[in-house]
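Sequence order for the protein chains is A and B.
Quick note on the numbering used here: the first sequence kicks off at 1 and runs consecutively.
Quick note on the numbering used here: the second sequence kicks off at 1 and runs consecutively.
Misleading hints may appear alongside valid ones.
Keeping only pairs whose Cα atoms sit at most 20 Å apart, straight-line, the calculated SDA-like set for lysine to any residue is [what the hints assert, rightly or not]:
1. A:160 x B:668
2. B:343 x A:70
3. B:96 x B:164
Chain A stretches covered by chain B per the calculated footprint, using a threshold of three residues with CB under 8 Å from any CB of chain B [stated by the list, open to error]:
4. 52-59
5. 84-91
Using C-beta positions, here's what the derived DEER-type ranges look like [as the list claims (entries may be wrong)]:
6. A:46 x B:371: 31 to 37 Å
7. A:156 x B:485: 39 to 45 Å
8. A:112 x B:332: 37 to 43 Å
9. B:397 x A:120: 54 to 60 Å
10. A:85 x B:332: 55 to 61 Å
11. A:151 x B:381: 45 to 51 Å
12. B:225 x A:46: 56 to 62 Å
13. A:112 x B:381: 54 to 60 Å
14. A:43 x B:684: 47 to 53 Å
Read the hints as simulated data drawn from the structure, not as lab findings.
Note that the coordinates shown come from a computational prediction; the quantities given were computed from them, not determined experimentally.
In this text, a Cβ means the ideal position worked out from N, Cα and C, and glycines have one as well.
The residues making up each chain are set out below.
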Amino acid sequence: MSEGTLEEFDVGEEDLFVIGDAQQYLFFKAGGDIYAFDVTHVNEMIEYQKVTRVPMMQSYIKGVTNVRGSIVTVIDLLERFELGSTQIGAKTSMIIIKNIALIIDEVHDVNSIVDEDIKESLEFGFKIEQRFIRHMAKYHDSYIAILNCEEIFKLDEIAKLKEL
Amino acid sequence: MEEELEIFLEDCDDQLQFMENALVEMQNGIIDEEAIGAIFRAVHTIKGSAGMFGFDDIVAFTHTGENLFDLIRQGKVEVNKEMIDLFLRCKDYAEKLVQAAVNSEELDEEQKRIGEELTNKLIAYIEGKPQESAVEVLKDETLDESEQKWHISLRFHQEFFTTGMSINSIFNFFNKMGKVLLKHPITYNIPPLEELNPIHPYIGFEILFSGKTTKEELEDVFEFVADDVDLIIFDVSEKGAYESLVVQRGEALLQKELIAASFASQEMFSETFLKDVSSEESEAEEKKELKKEIIAPQESLEKQEEAKKSESKKKSSTTLRVDSHKIDLLINYMSEIVITNSKILSLVERENEESEESSELEEAAYSMKELLEYVRDGIMDMRMIQVGDSFNKFRRIVIDTAKKIGKDVEFVISGGETELDKSVVERISDPLIHMLRNSIDHGIELPEERVAKGKRAKGRVDLRAYPDAGSIVIEIEDDGGGLDKERILAKAIENGVVKPSDKLSDEEIYKLIFAAGLSTADKVSDISGRGVGMDVVKRNIEDLRGSVDITSTYGVGSKITIRLPLTLAIIDGFLVQVGLTKYIIPLENIKECIELTKEEEAQMGTNEFINLRGEMLPLLNIRDVLHEEESISNRKNIVIVYFGNKYVGLIVDELLGEYQTVIKSLGEVFVNLPGISGGSILGSGEIALIFDVPRLIELKNRVGSVK
Chain A
1 MSEGTLEEFD VGEEDLFVIG DAQQYLFFKA GGDIYAFDVT HVNEMIEYQK VTRVPMMQSY
61 IKGVTNVRGS IVTVIDLLER FELGSTQIGA KTSMIIIKNI ALIIDEVHDV NSIVDEDIKE
121 SLEFGFKIEQ RFIRHMAKYH DSYIAILNCE EIFKLDEIAK LKEL
Chain B
1 MEEELEIFLE DCDDQLQFME NALVEMQNGI IDEEAIGAIF RAVHTIKGSA GMFGFDDIVA
61 FTHTGENLFD LIRQGKVEVN KEMIDLFLRC KDYAEKLVQA AVNSEELDEE QKRIGEELTN
121 KLIAYIEGKP QESAVEVLKD ETLDESEQKW HISLRFHQEF FTTGMSINSI FNFFNKMGKV
181 LLKHPITYNI PPLEELNPIH PYIGFEILFS GKTTKEELED VFEFVADDVD LIIFDVSEKG
241 AYESLVVQRG EALLQKELIA ASFASQEMFS ETFLKDVSSE ESEAEEKKEL KKEIIAPQES
301 LEKQEEAKKS ESKKKSSTTL RVDSHKIDLL INYMSEIVIT NSKILSLVER ENEESEESSE
361 LEEAAYSMKE LLEYVRDGIM DMRMIQVGDS FNKFRRIVID TAKKIGKDVE FVISGGETEL
421 DKSVVERISD PLIHMLRNSI DHGIELPEER VAKGKRAKGR VDLRAYPDAG SIVIEIEDDG
481 GGLDKERILA KAIENGVVKP SDKLSDEEIY KLIFAAGLST ADKVSDISGR GVGMDVVKRN
541 IEDLRGSVDI TSTYGVGSKI TIRLPLTLAI IDGFLVQVGL TKYIIPLENI KECIELTKEE
601 EAQMGTNEFI NLRGEMLPLL NIRDVLHEEE SISNRKNIVI VYFGNKYVGL IVDELLGEYQ
661 TVIKSLGEVF VNLPGISGGS ILGSGEIALI FDVPRLIELK NRVGSVK
């Protein structure tokens with residue numbers, strides 16, 4: 001973060017993400033639904049770019065791509081949730097978390113949710129597996145899932161090879 | 001840890017290693033001057049550097065050891081087997097002392113007790129030397145036992161302070177070795193303030209010292225700064241010594257100072273002397289030469305020796321100790337440069353596609369490429385070290401292990417000069433130790449057993465290294481009992497590693513020893529046999545992009561063969577296209593490329609081999625194995641790769657040419673992926689996958705056996 005931005009907002013670095021009791025979230029669309037990630041987990045967002053397929057991996061592992069000289073693993077989030085695969089279009093984006101790029105339909109916005117609007121996730125009833133959901137949150141009068149990165153990127157699961 | 005301490009630790013480690021190597025050689029019966037000298041120097045160096053840091057424990061302990069070795073060197077004490085064992089224990093203790101000192105910890109009581117015991121034993125050897133030689137000692141000019149007065153005249157070179165040595169620590173040394181009777185600073189060389197450079201030492205010292213030391217020991221205080229000081233040491237009882245000093249120094253005011261500070265009296269200088277010094281310079285020069293020869297012929301001899309010493313020092317100073325991180329950083333930059341340069345080359349080529357003649361730009365780009373290759377090779381070469389040093393460390397482990405379990409083993413190292421990337425050498429060390437221990441523990445039989453089998457009582461373990469086909473091969477071979485196929489298989493079935501119904505080849509059975517949880521040793525010893533280990537060994541080697549194989553003949557011995565890449569960072573590769581993906585095949589694995597003609601394809605039918613110049617060549621269709629999509633190209637090419645003695649033809653779509661490439665990890669998601677060792681970013685920004693040829697061939701075998 002450059003000094004200029006800090007002066008402009010006249011806030012400390014931490015305050016940029018946490019204002020009062022509200023945490024900032026990245027909202028995005030995948031398969032027609034809105035999901036969110038805690039913004040502090042997200043490294044960056046980029047437009048969809050060419051992916052090199054890596055053989056023998058699970059189908060949701062799309063391969064690897066080059067993000068400014070680093071090799072980054074590409075996962076189709078929708079396929080990871082077993083909800084079909086993402087159709088690549090003009091708005092398709094990649095959210096980069098740690099060393100993994102998640103393919104999603106569209107980045108929505110970055111916004112805060114106040115603590116009162118965050119609820120425990122339901123045990124069942126939501127279309128994706130409960131373990132992928134960290135919390136449910138009220139967003140524009142509907143409940144959306146705040147996703148759990150650890151489960152989505154669970155290494156011994158995603159590193160498994162497809163049967164030869 | 002502070003940088004200086006780190007250097008100290010590294011230095012001590014090196015010295016202790018030299019010592020151990022020499023001691024192990026002695027154990028093998030090679031007790032010669034060279035080995036003794038090496039140990040003496042090692043002890044001495046450790047003492048010296050420890051002294052600089054004020055680690056008194058180390059100084060005291062090494063001092064005792066040094067004394068004994070000095071006697072051994074002079075032939076006054078003879079080395080025997082017990083002594084070598086004692087020295088090895090001393091070496092271990094010294095290692096602990098160094099560790100403790102560096103981490104500023106105290107040794108525990110047990111360690112302290114060991115230290116005392118070792119010191120006492122050393123002293124016993126020193127005192128137990130034959131009496132008649134003690135007389136000789138006195139006659140000898142060493143004059144070990146009696147106090148002696150020395151005059152030390154000290155001047156510092158301008159760059160002295162850049163050595164990092166402080167003048168104070170020199171005096172500390174003197175105070176430890178004896179008594180400084182007189183100390184007089186020489187200040188007349190200090191220039192006026194406006195000309196003074198504050199980082200130059202203009203001061204000098206004249207010191208009168210008394211102690212039970214020899215001249216050599218005093219000179220050794222300056223060992224680390226020998227090139228940065230001007231040192232004259234002489235016995236004050238020598239006639240005309242002070243006069244000679246003044247002549248040698250050529251400092252007009254020195255005589256007065258010496259008399260004023262009561263080092264010398266006016267009478268010590270001949271009457272004409274003052275005039276000589278101050279008047280005709282040339283005469284003084286002549287006299288200087290003359291005097292030196294007359295007064296101290298012995299000294300001139302020593303001067304020569306000193307000259308020799310400093311020469312050897314210069315030689316050693318041509319090597320440079322560089323922090324390996326600095327080289328890693330260079331390699332990283334180099335990798336980026338290589339990528340960028342590939343990009344430039346492909347741009348240039350695209351630009352010139354139409355024109356027949358190559359442009360100046362193209363020529364420049366190509367010569368740039370060539371130069372970069374030199375630089376790259378140079379940087380890579382910096383990381384290469386000979387495996388010998390690392391191998392020598394195993395000697396002791398082998399001997400100790402064998403001794404512990406009552407086996408007699410001859411350990412033969414060859415190919416120690418083979419060079420390998422430093423990080424590879426470091427990371428291969430533990431697996432090698434493990435396998436060596438296994439060879440001794442499980443391989444080599446007990447002496448009586450061997451004799452009963454009609455073998456030599458002494459077993460033999462070979463550790464070899466040699467380069468082969470772009471990789472480095474390390475072999476561990478023993479002439480022990482060999483692997484018991486039946487027992488391995490039984491154990492593997494018992495542990496559920498394989499099913500009783502599985503049909504395994506000999507090679508596959510031997511490979512089972514690398515499976516987790518399999519130990520065929522009936523007894524678990526504290527050396528090996530817990531069944532953890534060989535799988536870890538295999539994993540470690542594979543992490544280095546290496547492979548491990550084992551062959552064995554029951555009753556005759558076993559041989560473990562490890563193949564390692566020369567380096568981990570960059571490879572020369574050959575770019576091919578299969579379906580939509582680009583792959584890189586390491587050039588070191590490629591024998592040749594041929595076109596798969598329609599006729600050959602037709603001839604093949606459903607078989608997966610072709611007849612290449614009379615030999616059957618098994619083929620691996622990459623598109624099928626890796627489930628790549630159909631490509632636009634209808635031409636098929638075969639890249640013939642080899643690894644060890646296996647040849648396989650890889651069927652690919654397009655050959656795109658040679659490519660120099662930086663290996664990047666694909667990330668931890670792909671750790672289980674066989675046959676692909678990493679990725680590389682091409683000039684276009686696209687990623688190509690790098691084949692791990694040996695694993696790919698294995699994959700072929702696996703897929704083949706499923707069919």
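Taking the hints in turn, this is what the structure says about them:
The suggested pairing of residue 160 of chain A with residue 668 of chain B holds, with an alpha-carbon distance near 11 Å, which does not exceed 20 Å. Straight-line distance between C-alpha atoms of residue 343 of chain B and residue 70 of chain A comes to about 16 Å, which keeps the hinted pair within the 20 Å bound. Taking the CA atoms of residue 96 of chain B and residue 164 of chain B, the gap is about 26 Å. The hint is violated against a cut of 20 Å. Restraint check on the stretch 52-59 of chain A versus chain B: 6 residues with Cβ-Cβ distances below 8 Å, three needed, restraint holds.
Counting residues of the stretch 84-91 of chain A whose CB falls under 8 Å from any CB of chain B gives 0; the rule of at least 3 is not met. Distance hint check for residue 46 of chain A and residue 371 of chain B: the Cβ-Cβ separation is about 35 Å, which falls inside the suggested range of 31 to 37 Å. For the pair residue 156 of chain A and residue 485 of chain B, the supplied restraint of 39 to 45 Å is violated, since their beta-carbon distance comes to about 34 Å. Between residue 112 of chain A and residue 332 of chain B the CB atoms are about 39 Å apart, so this pair conforms to the stated range of 37 to 43 Å.
The hinted range of 54 to 60 Å is satisfied by residue 397 of chain B and residue 120 of chain A, whose Cβ atoms lie roughly 57 Å apart. Between residue 85 of chain A and residue 332 of chain B the Cβ separation comes to about 36 Å, which falls outside the hinted range of 55 to 61 Å. Range check, residue 151 of chain A to residue 381 of chain B: about 47 Å between beta-carbon atoms, so the 45 to 51 Å window is met. Range check, residue 225 of chain B to residue 46 of chain A: about 58 Å between beta-carbon atoms, so the 56 to 62 Å window is met.
Hint check: residue 112 of chain A to residue 381 of chain B, Cβ distance near 56 Å, so the stated range 54 to 60 Å holds. A hinted range of 47 to 53 Å for the beta carbons of residue 43 of chain A and residue 684 of chain B is inconsistent with their spacing of about 24 Å.
Against the hints set out earlier in the document, violations occur for numbers 3, 5, 7, 10 and 14.
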